[in-house]
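Trainee: What follows is each chain in one-letter form.
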Amino acid sequence: MNQSKIDNNTSEGFLGLDFKSIGTKILTTYYPLLILILLLIVASIISPIFLTSGNLANLLRQQVTYMIIAIGVLMVMLTGGIDLSVSSMAGISSIMVAYSLQTWGLGTSSAGLLLAIIIGIGSAFGIGLLNGFLVSIVKVPAIITTLATMMAFQGVGFMITKGSTILLATKDTGNSILIKFGEHGDPLLGIPYPIYVAVFVVVLFLLIMKYTTFGRLLISTGSNEAAVRLSGINTKKYIFWSYGISGILSGVAGVIITARTATATALTASVDYNMTTIAAVIIGGTSLLGGEGSVGFTVVGVFIIAVIGNIMNLINLPTYPQMVVKAAIIIIAVLLKGLTSKKSH
Amino acid sequence: MLEKESEIISEGEYSVASISEYQVEMCNISKSFAGVKALVDVTLKVKAGEIHALIGENGAGKSTLMKILAGAQPQDKGTIKIGGREVKIKNPKDGLENGISVIYQEISLIPDVSVMENIFLDEFNEKKNIINWKDLKVRAKKYLDDLGFGEIDVSEKVKNLSVAYQQIVEICKALNRKSTVLVLDEPTAVLTMKEVEKLFELLNQLRDEGVSIIYISHRLDEVFSLTDRITVLKDGNLVNTVESQSINEDELVRMMIGRNLDTFFPERKTSMGKVVLSVKNLKAGNLVKDISFEVRSGEVLGLSGLVGAGRTEAVMAMLGIDNLDGGIVELDGKKIKFKSAKDAFKHKIGLLPEDRKSHGVLLNMPIKHNITLTCLNNFSTASCINLKKERSFVNQFSNEVGIKAASLDNNVSSLSGGNQQKVALAKLLAAHSRILILDEPTRGVDVGSKTEIFKLINDMVEKKCAVIMISSEMTEIIGMCDRVIVIREGVSVGELQKEELSEINLIKYAMGVTKDESKQN
Numbered sequence: 001m002n003q004s005k006i007d008n009n010t011s012e013g014f015l016g017l018d019f020k021s022i023g024t025k026i027l028t029t030y031y032p033l034l035i036l037i038l039l040l041i042v043a044s045i046i047s048p049i050f051l052t053s054g055n056l057a058n059l060l061r062q063q064v065t066y067m068i069i070a071i072g073v074l075m076v077m078l079t080g081g082i083d084l085s086v087s088s089m090a091g092i093s094s095i096m097v098a099y100s101l102q103t104w105g106l107g108t109s110s111a112g113l114l115l116a117i118i119i120g121i122g123s124a125f126g127i128g129l130l131n132g133f134l135v136s137i138v139k140v141p142a143i144i145t146t147l148a149t150m151m152a153f154q155g156v157g158f159m160i161t162k163g164s165t166i167l168l169a170t171k172d173t174g175n176s177i178l179i180k181f182g183e184h185g186d187p188l189l190g191i192p193y194p195i196y197v198a199v200f201v202v203v204l205f206l207l208i209m210k211y212t213t214f215g216r217l218l219i220s221t222g223s224n225e226a227a228v229r230l231s232g233i234n235t236k237k238y239i240f241w242s243y244g245i246s247g248i249l250s251g252v253a254g255v256i257i258t259a260r261t262a263t264a265t266a267l268t269a270s271v272d273y274n275m276t277t278i279a280a281v282i283i284g285g286t287s288l289l290g291g292e293g294s295v296g297f298t299v300v301g302v303f304i305i306a307v308i309g310n311i312m313n314l315i316n317l318p319t320y321p322q323m324v325v326k327a328a329i330i331i332i333a334v335l336l337k338g339l340t341s342k343k344s345h
Numbered sequence: 346m347l348e349k350e351s352e353i354i355s356e357g358e359y360s361v362a363s364i365s366e367y368q369v370e371m372c373n374i375s376k377s378f379a380g381v382k383a384l385v386d387v388t389l390k391v392k393a394g395e396i397h398a399l400i401g402e403n404g405a406g407k408s409t410l411m412k413i414l415a416g417a418q419p420q421d422k423g424t425i426k427i428g429g430r431e432v433k434i435k436n437p438k439d440g441l442e443n444g445i446s447v448i449y450q451e452i453s454l455i456p457d458v459s460v461m462e463n464i465f466l467d468e469f470n471e472k473k474n475i476i477n478w479k480d481l482k483v484r485a486k487k488y489l490d491d492l493g494f495g496e497i498d499v500s501e502k503v504k505n506l507s508v509a510y511q512q513i514v515e516i517c518k519a520l521n522r523k524s525t526v527l528v529l530d531e532p533t534a535v536l537t538m539k540e541v542e543k544l545f546e547l548l549n550q551l552r553d554e555g556v557s558i559i560y561i562s563h564r565l566d567e568v569f570s571l572t573d574r575i576t577v578l579k580d581g582n583l584v585n586t587v588e589s590q591s592i593n594e595d596e597l598v599r600m601m602i603g604r605n606l607d608t609f610f611p612e613r614k615t616s617m618g619k620v621v622l623s624v625k626n627l628k629a630g631n632l633v634k635d636i637s638f639e640v641r642s643g644e645v646l647g648l649s650g651l652v653g654a655g656r657t658e659a660v661m662a663m664l665g666i667d668n669l670d671g672g673i674v675e676l677d678g679k680k681i682k683f684k685s686a687k688d689a690f691k692h693k694i695g696l697l698p699e700d701r702k703s704h705g706v707l708l709n710m711p712i713k714h715n716i717t718l719t720c721l722n723n724f725s726t727a728s729c730i731n732l733k734k735e736r737s738f739v740n741q742f743s744n745e746v747g748i749k750a751a752s753l754d755n756n757v758s759s760l761s762g763g764n765q766q767k768v769a770l771a772k773l774l775a776a777h778s779r780i781l782i783l784d785e786p787t788r789g790v791d792v793g794s795k796t797e798i799f800k801l802i803n804d805m806v807e808k809k810c811a812v813i814m815i816s817s818e819m820t821e822i823i824g825m826c827d828r829v830i831v832i833r834e835g836v837s838v839g840e841l842q843k844e845e846l847s848e849i850n851l852i853k854y855a856m857g858v859t860k861d862e863s864k865q866n
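Chains as they are written, first to last, in this note's numbering: chain G, 1 to 345; chain W, 346 to 866.
You may find that some hints are simply not true.
Listed next, the in silico PhoX-like pairs over lysine-lysine satisfying Cα-Cα at most 25 Å (straight line) [unchecked claim]:
(1) 684(W) to 237(G)
(2) 382(W) to 433(W)
(3) 139(G) to 687(W)
(4) 482(W) to 523(W)
(5) 684(W) to 139(G)
(6) 687(W) to 236(G)
(7) 691(W) to 236(G)
(8) 734(W) to 691(W)
(9) 236(G) to 702(W)
(10) 237(G) to 682(W)
(11) 482(W) to 237(G)
(12) 504(W) to 634(W)
(13) 210(G) to 733(W)
(14) 702(W) to 237(G)
(15) 625(W) to 614(W)
(16) 236(G) to 693(W)
(17) 237(G) to 687(W)
(18) 392(W) to 579(W)
(19) 433(W) to 390(W)
(20) 426(W) to 486(W)
(21) 210(G) to 687(W)
(22) 619(W) to 236(G)
(23) 237(G) to 693(W)
The set of hints was computed from the structure by calculation and includes no laboratory data.
Could you put the whole structure together from the sequences, leaning on the hints where they help?
Mentor: Here it is in structure tokens:
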């Protein structure tokens, strides 16, 4: 605080210092974008395949589910919380869609498919609301709450599937529509449908954060919960709904997972979705304390991890070392965040 | 270049200056914050074995001067000599190495750790990795015995001690560092009479041992009975340094105030209306036992009393932010029970919390978003914010309130304390609050902004707003309030009308006419 007072004072006098502060501002605010650009350059140098449309389309398609879930995680982290249960919520959604299509026979009609999707997203939403209730009303710390629901619903996933994989029968009307949605693109531009969903989600939340009172008060709550509460605002509401949103978006991702693979398994609820999305949100410059972060940079964060993964694939690095690299990136991202925010104060 | 020169001088002077009679010499110190001058050319010299009072109104620059001495803030200009030798104190570590220990108003001990660990905390840094608990206990006990506070249990966690004892632990910690300069920032503000006596005994003992003590206080009787010399600051300037024996209380007050109180506290036209809010026999927690007051529209009601008397707690319970255990709250003559801050805001009651940084503003959010936090609905349709409308409102409103900022897009953390407070206040005004509850509205605010904040309050009052002002600054209470309720130990003990307001009356009620010793522990 005092430090910033002094900074203000000195920068009034010297033009040079002003330039410096503009420079640091770019560095502190836009560093995720700089990293992504750097990575794209590195990737295209390392592998000639990288910049081919096939590779890029593949890259984009793979990131759809991560991007959608990451937006949900961002909402929670903006309030100062964390959601470790996104993988389980996506898993439950994926399983419930497949289960209701196959076992309950909803797959025979398109109306049944719609119902199955509602059941899938709805169950993930329910888990999200449970998280929100426990965190905002019962006041169980977010990390404990979502760790618990992660475990619980991973278990529930195995209980429903009995540990095996649910296969969708492709001949049923509803099933085939879902699979087509997952695999194919629109006839006009050839862009896969799930990408439209991801773009829709990103744009929707960009608008919510910029133009709605909900977005403004959600990020304000994360910035200083006590001050917002004492300003006569019900902060519990925003904390509660952030987990709800995380549930819905994980649910949407779960539907896409089932559509893409025509199967559902409890293994979807592996921690990979947690780690990757939380890492993406952090790399995107979101503060772990809440109140700081943006939808745009979260998308950038998702792509930073994706491009690094893609580079590792292109140079034929096996899966397990890739995990080590990803873990290292998370640490580096947090360090970088700490470094840049220290500079700005 | 300049730095080099001064270093050479200090080297050269060393042999001569080491026989200086002064332990501390701060010469021609200047400091400004974001253009606001906090100190201008101030010189303070303290002898070894002297208790030296540093007095002045809040905002006079005492704390800033001491922060510079401790290394918590660098000076813009001026030199510091310790024991006759010029030193550069750039950070708190430099301060400690030069034997300077500051005991701030906010105790800086580790609450969850025992007394002895707190006293010897510095040693853990440098000494062997294994703690000799037995030795620690014996030494801590000896320290406290020597100081006459043998009754403090060295194994007790600091948070369980009374504030007075916490201060003693701080002093022990300072002594263990072999501090030669001890700065105490208003140590008696929260102490009972008996505790004060004990503290003074201790300080006299330390003086006799050759420690230089700089004593910041608002209580003039203390200053006269305890100190050897007095330095008076006013608005960041040095007024004078005098022998305590050579001056009387009136002269000292004249030196401190030195200007007309009327110009500092702007005039306002008062026309009071009906009682809008009243509380009777409020009870909440341990601190609020029986508090009653009422406030009219167009009136500023002061809640005065010592720190910890239960003023803030009473207001928080009244608004439903903390639990209310008993009593009646009436709004416009109708009984009401606020469920939360939200509920209170719905009834147009705005609260300016005591702790600005953690409760008043969102430091890491833009100024504009802070201001519109409470009134987003005014430029939103179906929860969609009209950013253009918001911006034009903020531009106009921040002008009215007088927030000085390079850009309203900047975060609040970039503002000075005074401007931050104006943002917090603007937030309440933007919500059209008709009852304002201001808890320490000018704490940590520079003199210039203070007057502006008072003007804002007056504007609101003239618009028929009812204001409840909690303040520990008596001049502020006297200058601003139409009526004052004095609260002592959770009980409203007196009501003073405007013409009865004086420091002596306020203190009399706040401290209790008879000496009070029930507060021990």
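Trainee: Hint numbers the structure violates, sorted upward?
Mentor: 11, 15, 20 and 22
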